[in-house]
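Enquirer: The residues making up each chain are set out below.
Number of protein chains: 4
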Amino acid sequence: MPKVYNSIIVPAPVDAVWSRIRDFHDFSWAPSLVTSCEKVGPGDGNTVGARRRLNGAFLDTLIAYSSIDRRMTYSMDDGPSPVSSSEIHDYVGDLHLLPVTADNTTFVEWSAAWESNNTDAVGYMNEAYQSLLADLSAGFGAGRPDQPAKHGKIPG
Amino acid sequence: MPKVYNSIIVPAPVDAVWSRIRDFHDFSWAPSLVTSCEKVGPGDGNTVGARRRLNGAFLDTLIAYSSIDRRMTYSMDDGPSPVSSSEIHDYVGDLHLLPVTADNTTFVEWSAAWESNNTDAVGYMNEAYQSLLADLSAGFGAGRPDQPAKHGKIPG
Amino acid sequence: MPKVYNSIIVPAPVDAVWSRIRDFHDFSWAPSLVTSCEKVGPGDGNTVGARRRLNGAFLDTLIAYSSIDRRMTYSMDDGPSPVSSSEIHDYVGDLHLLPVTADNTTFVEWSAAWESNNTDAVGYMNEAYQSLLADLSAGFGAGRPDQPAKHGKIPG
Amino acid sequence: MPKVYNSIIVPAPVDAVWSRIRDFHDFSWAPSLVTSCEKVGPGDGNTVGARRRLNGAFLDTLIAYSSIDRRMTYSMDDGPSPVSSSEIHDYVGDLHLLPVTADNTTFVEWSAAWESNNTDAVGYMNEAYQSLLADLSAGFGAGRPDQPAKHGKIPG
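Residue numbers (this note's numbering), protein chains in the order written: chain A, 1 to 156; chain B, 1 to 156; chain C, 1 to 156; chain D, 1 to 156.
Source of the hints: derived by calculation from the structure; they are not laboratory data. Each hint should be verified, as a subset may be incorrect.
Identical copies go unnamed one by one, so any copy, or any two together, can satisfy a pair.
[Said to hold, decoys possible] Capping the alpha-carbon separation at 25 Å, the derived lysine to any residue pairs in SDA-like fashion look like this:
| # | residue 1 | residue 2 |
| --- | --- | --- |
| 1 | Lys39 | Pro80 |
| 2 | Lys39 | Gly123 |
| 3 | Lys3 | Ala102 |
| 4 | Lys3 | Ser66 |
| 5 | Lys3 | Asp103 |
| 6 | Lys39 | Phe58 |
| 7 | Lys39 | Leu98 |
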């Protein structure tokens with residue numbers, strides 16, 4: 001089971017970070033990677049079962065949501081290669097915030113796991129999540145990492 | 001922090017039990033205790049933030065929902081004595097299903113915890129949850145427990 | 001990532017069941033399958049890092065242990081085919097008890113997951129866990145399941 | 001139920017931080033607060049049931065331990081006022097590490113909860129955990145926080 005785990009510190013209080021990301025249908029905080037986020041079907045962005053299409057290519061469904069734990073879990077039902085539904089299946093992603101009380105910032109962890117006969121998608125998804133996390137942190141004033149991820153391969 | 005934990009085996013597959021309880025606004029499976037379940041405000045029964053009023057007296061808000069774990073978590077924001085908002089606060093309840101693979105039945109656990117200066121509500125809430133669980137199990141054909149809970153004190 | 005999940009109800013209180021299984025080095029409660037359980041290296045049966053050899057063939061290491069949650073987690077570092085270290089890796093098993101308060105019995109869940117290029121070990125391990133759980137339950141007086149698992153393929 | 005939650009970023013990889021704290025009987029990494037850490041009874045520092053006495057006054061028992069999750073959970077069975085066994089009970093503390101992959105540092109969270117008729121111990125324990133976390137981080141080269149905690153009230 002290929003899996004990825006990425007995490008970052010965002011220089012803002014946990015409630016501020018949660019406010020920015022809590023709507024499953026709003027990805028405006030990740031402009032480097034996400035050029036469009038379209039609501040698909042019924043259900044608001046805090047409704048389990050809500051769907052979104054990212055960059056016209058990735059189709060996600062919200063499968064668990066906790067405002068008390070500041071956590072959302074979703075399946076990725078389709079995407080471009082190497083994460084198309086013919087290459088991988090049972091993709092589950094999980095985005096979770098925890099407060100760093102020592103300096104009132106936020107620990108953000110983003111993990112995913114899926115089934116596949118190969119690990120071709122691991123590097124691709126690591127790059128995607130690193131870009132998303134860097135954007136989230138930069139949106140609160142953090143510098144970009146020294147070695148910026150190259151996003152050329154992510155559709156957009 | 002007063003807390004309660006109750007659990008039961010329901011003689012049906014876990015998907016069948018989840019189908020019956022998964023709508024936060026539908027409590028028709030618990031007729032012994034719940035005489036009315038009214039949707040309050042926007043949001044369907046799988047939407048975090050959805051609200052319900054039970055028996056005209058209890059006000060609940062859905063705060064976490066996972067269809068993959070078959071779990072829902074809610075706050076009880078008000079209720080009759082001894083669980084009124086002047087007597088207790090920070091009430092969180094959690095309903096969770098797990099499959100019993102040996103005989104294709106379902107383990108149902110229902111826990112709750114709250115803050116209070118006293119433990120007056122413990123017996124009251126244990127009685128409520130035992131009644132709800134007994135109804136759920138009876139709805140799938142289980143016999144009622146030998147010592148039926150007395151529900152006289154629960155509004156309805 | 002192949003995985004298995006098996007669960008059963010044991011007709012005894014959760015503390016009694018935990019007392020029987022809590023020693024990682026004692027598998028006397030599973031006579032159908034486990035003919036020998038040998039302590040390997042230092043560390044008692046509640047010590048993370050403790051090791052055991054089952055039936056002279058399976059080598060397990062305790063990696064997490066919680067008496068408060070009545071849960072133990074272990075890696076299986078080697079075994080006979082199809083779970084030998086050349087066929088699978090990163091095998092983690094998890095044994096967990098929860099009380100069934102309605103009738104003072106115990107829900108036992110036993111899951112495992114591992115990495116492999118194939119799913120050959122799934123049926124084998126399901127059979128093993130079903131036998132172990134049936135023995136645990138039978139040790140407290142439960143009848144054996146109608147369709148007894150066949151254990152012929154498990155070394156012993 | 002009074003509870004405390006403190007967290008910090010430690011400027012070192014998660015495996016290095018875990019190596020430093022993983023022995024329940026070794027508190028040499030927290031010199032500001034812990035002047036002595038004495039092993040009590042049998043069981044090494046990764047054994048559930050292991051006990052320690054800190055500063056001759058606090059008595060802790062390890063109740064859960066996971067090397068895979070880098071987490072340890074313990075009860076505090078006695079201590080000086082305001083955490084003596086006559087003032088509080090059912091004290092459970094939990095220390096947990098997560099990797100910050102963006103810069104190869106470590107998120108450390110330390111929580112505790114207990115039962116009491118008052119919240120007198122909250123400030124006292126917050127101060128203790130903040131000091132412990134600051135020491136852990138300083139041991140890996142981090143600067144002390146601008147507003148150093150005052151430790152005068154912690155026995156030592």
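Enquirer: Against each hint, give a clear statement of whether it holds in the structure.
Expert: Hint check results:
In the homo-oligomer, the alpha carbons of Lys39 and Pro80 lie at most 25 Å apart inside one protomer (18 Å), although the nearest pairing across protomers, at 40 Å, exceeds that limit. In this homomeric assembly, Lys39 and Gly123 never come within 25 Å of each other (Cα to Cα): the closest approach is 27 Å inside a single copy and 41 Å across copies. Taking the shortest Cα distances, Lys3 and Ala102 sit within 25 Å of each other only across copies (17 Å), while inside one copy they are farther apart (30 Å). In this assembly of identical chains, the alpha carbons of Lys3 and Ser66 lie at most 25 Å apart whether taken from the same copy (22 Å) or from different copies (20 Å).
Within a single copy, Lys3 and Asp103 get their C-alpha atoms only as close as 30 Å, which misses the 25 Å cut-off; across copies the closest is 19 Å, which meets it. Taking identical chains as interchangeable, the C-alpha atoms of Lys39 and Phe58 lie at most 25 Å apart only when both belong to the same chain, with a minimum of 12 Å there against 33 Å between chains. Proximity of Lys39 to Leu98 under the C-alpha cut-off of 25 Å is found in neither arrangement, the shortest distances being 27 Å within a copy and 32 Å between copies.
Violation of the numbered hints given earlier is confined to hints 2 and 7; the remaining hints are satisfied by the structure.
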